[in-house]
Amino acid sequence: MPPAHSPGWEDRAVAWLLDHCPPDYRTYGAWRRHPLALAWLADRHLDGQVSAMRQAYREVRVELGDDLPATALAEVIEQLEREGLRLVAAKRAAGLVLEALRGTVFVPRL
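The opening position of the sequence shown corresponds to residue -15 in the numbering used here, with each subsequent residue numbered one higher.
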C-alpha cells in the first residue's frame, strides 16, 4: 500500500481493507464511498477474528484432542498460531489505516 496521504492511497486502502473483510462486504457501496467507515468496520471485524482465534487456540486440545491423532493436533495448533499472528498484524495495520483516514500524519522515525 502506498504511504498515507499520497495520491491514490485511499483507493488502495479500500481494496486492502475489503480483502480483510467477508466477501459480501464488496457488495455494499457505502463502504467504498466512505473509506473511514470501512476501516472502522474492518478493525472491528479483525478484532472479532483475533478473539475467535485465541479462543480456538485455548480450546483445541480439549475439544479435538480425543478426535485427532497427536500429529494432526500438533499441525492444527501450529496453524492456529500462524493464523493468529497474521490476524494480529492485520488488526494493527487496519488500525493504522483507520488513524490515517482520520487525518493522522505519520512521521518516519530514525
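Because the hints were derived from the structure by calculation, they are not lab data. On a predicted model such as this, the values are computed, not experimentally measured, just so you know. Note that the Cβ used here is the ideal one computed from N, Cα and C, for glycine as well. Careful, some of the hints might be misleading.
Pair ranges (Cβ atoms, derived) [as the list claims (entries may be wrong)]:
#: 1; residue 1: Leu48; residue 2: Arg17; range: 22 to 30 Å
#: 2; residue 1: Glu59; residue 2: Arg16; range: 34 to 42 Å
#: 3; residue 1: Pro7; residue 2: Phe90; range: 25 to 33 Å
#: 4; residue 1: Ala14; residue 2: Val46; range: 40 to 48 Å
#: 5; residue 1: His18; residue 2: Pro(-13); range: 20 to 28 Å
#: 6; residue 1: Arg16; residue 2: Arg70; range: 36 to 44 Å
Kindly indicate which numbered hints from before are broken by the structure, ordering the numbers from low to high.
Violated hints: 1, 6; rest satisfied.
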